[in-house]
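Below are the chains, spelled out letter by letter.
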Amino acid sequence: MTFELPLLIFLVVTAAGAILVKDLISSVFILGTYSFTLALVWALLGAVDVAFVEAVVGAGLATVFFLLTLFSTLEKDTQIRRSPMPWTALVALPIVAMLLLYGAADLPAFGDPGSPASTHISPTYLENSVQQTRTPNVVTSILMDYRSLDTLIETIVIFTAGIACALILRKSDS
Amino acid sequence: MIQAHDSIIVRTLGRIVIPIAQLFGFYVIVFGQHGPGGGFVGGVILAASMILSILILGRDAPGSWLVPKVLRGDGVGLLIFAGIGGLCLIGGGQFLNYTHLQIPGLDEASRHYVGILLTQFGVAADVAVTGVSIAISLSSDDEYEEISHG
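Respectively, the protein sequence lines represent chains A and B. Quick note on numbering: my numbering labels position 65 of the first sequence as 65, and the sequence is numbered without any gaps. Quick note on numbering: my numbering labels position 120 of the second sequence as 1120, and the sequence is numbered without any gaps.
Hint data in this document are derived by calculation from the structure and do not stem from the laboratory. Note that the structure is predicted; figures quoted are calculated from it, not measured. Take these hints with a grain of salt, some might be off.
To be verified - Now the in silico label distances, taken between C-beta atoms and shown as ranges:
1. A/Asp106 / B/Tyr1027: 16 to 24 Å
2. B/His1005 / A/Met98: 46 to 54 Å
3. B/Pro1019 / A/Asp150: 31 to 39 Å
4. B/Pro1104 / A/Ser72: 21 to 29 Å
5. B/Pro1019 / A/Ser122: 33 to 41 Å
6. A/Val157 / B/Glu1108: 27 to 35 Å
7. A/Leu90 / B/Val1114: 30 to 38 Å
Stated by the list, open to error - If the Cβ cut is set under 7 Å, some of the chain B residues that face chain A in the computed set are:
8. Val1044
9. Ile1054
10. Ile1080
11. Leu1089
12. Gly1091
13. Gly1092
14. Gly1093
15. Gln1094
16. Thr1099
17. Tyr1113
18. Ile1116
Backbone N, C-alpha and C fix where the C-beta goes; we use that ideal spot for every residue, glycine too.
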């Protein structure tokens, strides 16, 4: 638990750095660092599958895609002028933050066995996964068996993203 | 834009890293039912290894026959996934209910196990093809046009 505070501070610093840095290639790599730190946070919270996806997709594949995009544009952020912060944001953002903190006070504690998320349907999955599917990793059995229709639709979404990128970005003069 | 990298260090390191990454991606897909990982992550690792081979060794490198073939595989993963669901329909059950996969000699739980494994390969194929396809689209040069248009 002692790692939580340094990780969170590093997370905020890298997130701010990725926005504020002028050199876009540096910004992409700082964003990769942010994703990897976030993966460490997920692993610390016990969500190993999410941490794996965050490390591979956020720090790996997304960085490559950003770099490939930057190769066909300029590396310096010359066009965007950062205007001074409008006063509406100065007023509204603290109010929204107060509301979010007020709402977070009512959330159940981390790992609370009596919370709605732990009592509704997840005990069924946890108890029956090994007998019904021979799959010790409950995340996989939920994704691929109990909720496989959702995963099928997500796969269709990824497929559609690839098709849309090919339609928009590839030159079609042949 | 994509051509073989000049540096011998990068090329040699790529020849070592790419097979290990592909083997690890395959391991993550197969091992996803017993540990962290699964079809999605394994597919992304496979896609990353193939993008690395495009970036380092170029398209004309001997042994890069896989990448042009992968680009023609749009929708194969989706076909595997939905095809497993269709097999369940043919077997007399609901869509994607692996109990009704007609595999002789397996009890109900093992049929679910096999169904999960096969659909994971479907997801992995879909994600890997999409990742390579998006990378090729982002760095679109004229060489790949003949491939993408068949």
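Query raised in the report: Checked against the structure, which of the hints given earlier come out wrong?
Result: 1, 4, 7, 9, 10, 11, 12, 13, 14, 15 and 16
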